[in-house]
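*Asks:* Residue-level listing of the chains:
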Amino acid sequence: MISAEKLYHGFLKIREERPLIHHITNAVTINDCANATLAVGASPVMADSPDETADMAAQASALVLNIGTLTEMSITAMIRAGQSANRCQVPVVFDPVGAGATPFRRQTVFRILDAVHPDIICGNMSEIKVLAGMKARTRGVDAGDRMDHAGKIARDLARRLGSVIAITGAADAVSDGRRTFILHNGVARLASVTGTGCMTDSLIAAFAGVLEDRLEAAVCGIMTMGLSGEKAEALLADADGIGTFKVRLFDAFSTLDAHDFSKGSVEDVRAKS
Amino acid sequence: MISAEKLYHGFLKIREERPLIHHITNAVTINDCANATLAVGASPVMADSPDETADMAAQASALVLNIGTLTEMSITAMIRAGQSANRCQVPVVFDPVGAGATPFRRQTVFRILDAVHPDIICGNMSEIKVLAGMKARTRGVDAGDRMDHAGKIARDLARRLGSVIAITGAADAVSDGRRTFILHNGVARLASVTGTGCMTDSLIAAFAGVLEDRLEAAVCGIMTMGLSGEKAEALLADADGIGTFKVRLFDAFSTLDAHDFSKGSVEDVRAKS
Amino acid sequence: MISAEKLYHGFLKIREERPLIHHITNAVTINDCANATLAVGASPVMADSPDETADMAAQASALVLNIGTLTEMSITAMIRAGQSANRCQVPVVFDPVGAGATPFRRQTVFRILDAVHPDIICGNMSEIKVLAGMKARTRGVDAGDRMDHAGKIARDLARRLGSVIAITGAADAVSDGRRTFILHNGVARLASVTGTGCMTDSLIAAFAGVLEDRLEAAVCGIMTMGLSGEKAEALLADADGIGTFKVRLFDAFSTLDAHDFSKGSVEDVRAKS
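Protein chains in written order, with this note's numbering: chain A, 270 to 542; chain B, 270 to 542; chain C, 270 to 542.
Honestly, I wouldn't trust all of these hints.
Note: identical chains are not told apart, hence a pair may lie in one copy or across any two.
Derived SDA-like pairs (lysine to any residue); straight-line CA-CA distance at most 20 Å [as the list claims (entries may be wrong)]:
1. K404 x D324
2. K532 x E285
3. K275 x D537
4. K282 x S461
5. K421 x E481
6. K282 x R408
7. K421 x R447
Just so you know, these hints were derived from the structure itself, not from any lab.
Can you build the whole structure from these sequences, using the hints too?
*Replies:* What follows is the structure, given as structure tokens:
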């Protein structure tokens, strides 16, 4: 079991150690990812030139590869960074955004997986199904699939790829093939802000930069997003909408405390799956 | 005439149908465009690789092409997406940002117009004048021109290109060559936030994804921005400046209601023009 | 000495003249830079295609070159813009972001300096040390170095390069080789928002677009960021965190007044250095 104390301990460790989180991510949410990383006390660097990503990844505490927007150059940059991170034992978080949306995305996902071993893969149900070779319903970069059997799908893919698999959604499933958890925090409004998935990658990477256990890092990162969403929602007044919610979300990233973490809900489903 | 009820009906339809809005837009405002699209209930996807834009546009409900920042690659991506959208009858919203600012921009605008038929073109007076072959005063990407005769200019260009033309400014003119409207909503502060023009493209596209009538979609999109600006302005306190205004603008996108739409001011100028 | 009245006078001049500030900057903070520029009353344009940057820079009031994210294409774009600006006497603000982080960045910095003369160079201590050929401790794009002897380092490098040198940090040092100032405004929280350095470039450029004296422009730009940070901090309530602080920072950019500028602290260290 992962206790609230353990989660909060990891959170405090980020502020102490200020891990350097190298991102190669999409143009849409790059600013939010950098600010989310800073807000929890880590140090973001967003270099994406193929001429420097291997050097940058080698000195990072964790690496995020997110394919939200792609170019031939950014794919090269990701592969060089990922291989450098693998060589240097820097943990790699991979997000196959919109994996099934176009043939190009699907091919790119497998091209990256052929070249780089991700320690943690984080995506929505449609994206993870594409990786698992299952039939997926994708619509743009949003999930079209329900979260049925998420724990089992995460566990099976984790065993096959040797990576921690995190499936995010209304509930979230995380597995390393041996241990499987379902997380229940978060609010519906998180789906109405672009980049909450990408920022979750950043949070997972921040934890992976300070915690040995990759599964724990994934749980902590997803939990931090869920709890921050709940904290933000609780502060909204009547006239507030999605603009204020996003501001409050960043407030929460930077102010989460032990009391907030005590609300974390982690369900251990090893027995069931 | 386009009634407030009709406008609000279109707004509700976006939330019901969640149209997928494919954007190829600039690096400056891409996050705001995605969030504005989400805030009104549509689903944004921001893919801009030439390897996938035709596939993505084909499955979208509407396509936005915005040339705020340009590369040779993004031009190719736009042309492929636009041609795919034209083939699949997906409505195309084109924003010729800064059309007259440099020879390169001017050439690019006409290169895109040669290859793609936009259903709706949205720009400021200087940009539309460039398209119309009129003398324009451009300064960076801002309009240098006053809104004189906007209705007539929009109508004439709409007839020539067979596209709905929207000229945004202190007042806005929209025409399909047959019907011409002047819109009077909005506040001065909207010009002090970057990307309100680009977000208007997104809003127009969201409506074009659910309404058959392109002119109506353009009116609804521009009106939603104007009314949201008014709603945001009304909520400002003394210490608030442009930061809070932008937050309140997104709040408004996500909370506009029938009462807000009743303040919409659409002037029918068919008789006069 | 540079008086508060003089600083505020420059600030008002931006609103009167609305200088056009051409930016070639990074993907992370490009939206914030455009909004900061607008918030103080200047007009931003963010064109970065090599096919148009020379044309755009030629018509600008000031040019910002910021290497936060780099591609071979953006380097070409920067060099063409910078040379055009130099030819047209448009002031150039150069920010060597993360100069020592990778060999590629270090080489790029010197490649740009070989081709373009920056009127003002703005960076953190680690970055400026790289330019000065001193041993620097870089970690991603953050400074690893303390601000010891900042005034002397700025002065010496200013003399060698013939540029105004601004070193930003807990205190800031600015020198043109003859006059050297230490600025004491700002709050710690500014380091927890990504892009405050990049936005400082924009503010400096806005002042450089309306003031003849480059040193004064650098002092004014840095001072505007520091005072805005203080004004934002003063408005925070208990539940507020980094999200609200960033919103208040933009509020401050757009609402600074004579009273705020009276809190500016500029220490003249000519005698000492």
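*Asks:* Does each hint hold? Answer for all of them.
*Replies:* Checked hints:
Taking CA atoms no more than 20 Å apart as the test, K404 paired with D324 passes between copies only; the shortest distance there is 19 Å, against 38 Å inside one copy. Taking the shortest alpha-carbon separations for K532 and E285, neither the intra-copy value of 23 Å nor the inter-copy value of 33 Å comes in at or below 20 Å. Only within a single protomer do K275 and D537 lie at most 20 Å apart by alpha-carbon distance; the minimum there is 15 Å, versus 51 Å between protomers. With identical chains, the CA atoms of K282 and S461 are at most 20 Å apart between copies only, with a shortest distance of 17 Å across copies and 30 Å within one.
Taking CA atoms no more than 20 Å apart as the test, K421 paired with E481 passes in neither setting, with 24 Å inside one copy and 44 Å between copies. In this assembly of identical chains, K282 and R408 lie within 20 Å of each other by CA distance solely across copies; the values are 18 Å between and 38 Å within a copy. Proximity of K421 and R447 under a CA criterion of 20 Å is satisfied intra-copy only: 11 Å inside one chain copy versus 59 Å between copies.
The structure does not agree with the numbered hints 2 and 5 stated previously, though it agrees with the rest.
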